[in-house]
Amino acid sequence: SQELEQSPQSLIVQEGKNLTINCTSSKTLYGLYWYKQKYGEGLIFLMMLQKGGEEKSHEKITAKLDEKKQQSSLHITASQPSHAGIYLCGAASNTGNQFYFGTGTSLTVIP
Amino acid sequence: EAGVVQSPRYKIIEKKQPVAFWCNPISGHNTLYWYRQNLGQGPELLIRYENEEAVDDSQLPKDRFSAERLKGVDSTLKIQPAELGDSAVYLCASSLDPPGLAGSGDTQYFGPGTRLTVL
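In order, the protein sequence lines correspond to chains G and R. This note's numbering numbers the first residue of the first sequence as 1 and each following residue consecutively. This note's numbering numbers the first residue of the second sequence as 1 and each following residue consecutively.
Just chain R, same shape as in the assembly:
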């Protein structure tokens, strides 16, 4: 079974340019997460989807970041315009169930990430 797929793996852009990341979760996983990971730090949640609904986007900088999950499967994360401080690895993860439920259904499986460099 395929894992979480992300593309592109690497992206280099100049500041003020737009950029988009794509994620295809594990088949059947209803919950999808986007994280940002800065060098030397743990991942920080940007947004979480339950099917097509964004249920937690409190950490998403809404002035420049947007995300969508049409039809509750694939998701895209967009930055427009990008700033120097946006350079990071953007990770996508999916799970069968939302976090906090008993059992192992909320275990998150991660994609390889997209490394963004803003010049």
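Pulled out of the complex, with its shape left as it was, chain G reads as follows:
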């Protein structure tokens, strides 16, 4: 089965600092999704990457999918307290039959 490993597990940064979260797959990714989850709430879709080398940005968040399509990174520039939460990567299996989530990265931004 496909596994998605995220690093770091948790991150505490000062407001205004940049940070990066990584998601590594044991198999080739055929589509990689990034979600954000606040405690006690559902997941909020951030962005999806499909092509190797693809990069997408939304406000201060940028996500990239590497050329080999086995790793993605999420970069936040000038972090704010509103960025705090749990970031999860997710991907479909190469057969498209199953969907997997990563282990999650908990982000705390100190004002």
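Source of the hints: derived by calculation from the structure; they are not laboratory data. This structure is a prediction, so every number in the text was calculated from the model and none was measured. Just so you know, even glycine gets a beta-carbon here, dropped at the ideal spot from N, CA and C. Keep in mind that the hints are not guaranteed to be accurate.
To be verified - DEER-style ranges, computed between Cβ atoms:
hint: 1; chain 1: G; residue 1: Phe45; chain 2: R; residue 2: Ser66; range: 36 to 44 Å
hint: 2; chain 1: G; residue 1: Lys68; chain 2: R; residue 2: Gln17; range: 45 to 53 Å
hint: 3; chain 1: R; residue 1: Lys71; chain 2: G; residue 2: Gly52; range: 37 to 45 Å
hint: 4; chain 1: G; residue 1: Gly40; chain 2: R; residue 2: Lys71; range: 26 to 34 Å
hint: 5; chain 1: R; residue 1: Lys71; chain 2: G; residue 2: Asn22; range: 36 to 44 Å
hint: 6; chain 1: R; residue 1: Glu83; chain 2: G; residue 2: Lys51; range: 41 to 49 Å
hint: 7; chain 1: G; residue 1: Lys38; chain 2: R; residue 2: Leu119; range: 20 to 28 Å
hint: 8; chain 1: G; residue 1: Gly52; chain 2: R; residue 2: Gln17; range: 45 to 53 Å
hint: 9; chain 1: R; residue 1: Arg115; chain 2: G; residue 2: Thr103; range: 15 to 23 Å
hint: 10; chain 1: G; residue 1: Thr20; chain 2: R; residue 2: Gln41; range: 17 to 25 Å
hint: 11; chain 1: R; residue 1: Ala20; chain 2: G; residue 2: Ile44; range: 24 to 32 Å
hint: 12; chain 1: G; residue 1: Thr62; chain 2: R; residue 2: Ser66; range: 37 to 45 Å
hint: 13; chain 1: G; residue 1: Lys51; chain 2: R; residue 2: Pro18; range: 41 to 49 Å
hint: 14; chain 1: R; residue 1: Ile12; chain 2: G; residue 2: Gly52; range: 44 to 52 Å
Chain G is already provided as a structure; the job is to place chain R on it using the hints.
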């Protein structure tokens, strides 16, 4: 447009009791997912529906869990009897298309979840 709706938001029951969760997906979304999320972990898929058909229920503990999606719209997930280890957040998600298809139609949108506590 309304998002995915789930109820109840919270449920506390004693072990061996039955419990049911309800999900109303986004209108027009053919694919519906039920996930279980334990504290500090990512969601784990329990079952996926394409319209009214369960196409992936390999992770559903069938001895105590059951699900249905009558008429291919709303869905219910039931646990009977509940065990202490079932305490978790149960998330429902829906998408226009099944996972793995090209394009953005398979993007999943999540409900707020139901937090279950089994005492």
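Hint check:
no., hint, in the structure
1, G:Phe45 - R:Ser66: 36 to 44 Å, "violated, 29 Å"
2, G:Lys68 - R:Gln17: 45 to 53 Å, "holds, 49 Å"
3, R:Lys71 - G:Gly52: 37 to 45 Å, "holds, 40 Å"
4, G:Gly40 - R:Lys71: 26 to 34 Å, "holds, 31 Å"
5, R:Lys71 - G:Asn22: 36 to 44 Å, "holds, 42 Å"
6, R:Glu83 - G:Lys51: 41 to 49 Å, "holds, 44 Å"
7, G:Lys38 - R:Leu119: 20 to 28 Å, "holds, 26 Å"
8, G:Gly52 - R:Gln17: 45 to 53 Å, "holds, 50 Å"
9, R:Arg115 - G:Thr103: 15 to 23 Å, "holds, 20 Å"
10, G:Thr20 - R:Gln41: 17 to 25 Å, "holds, 22 Å"
11, R:Ala20 - G:Ile44: 24 to 32 Å, "holds, 26 Å"
12, G:Thr62 - R:Ser66: 37 to 45 Å, "holds, 43 Å"
13, G:Lys51 - R:Pro18: 41 to 49 Å, "holds, 46 Å"
14, R:Ile12 - G:Gly52: 44 to 52 Å, "holds, 47 Å"
Hint violations for this structure: number 1 only, all remaining hints satisfied.
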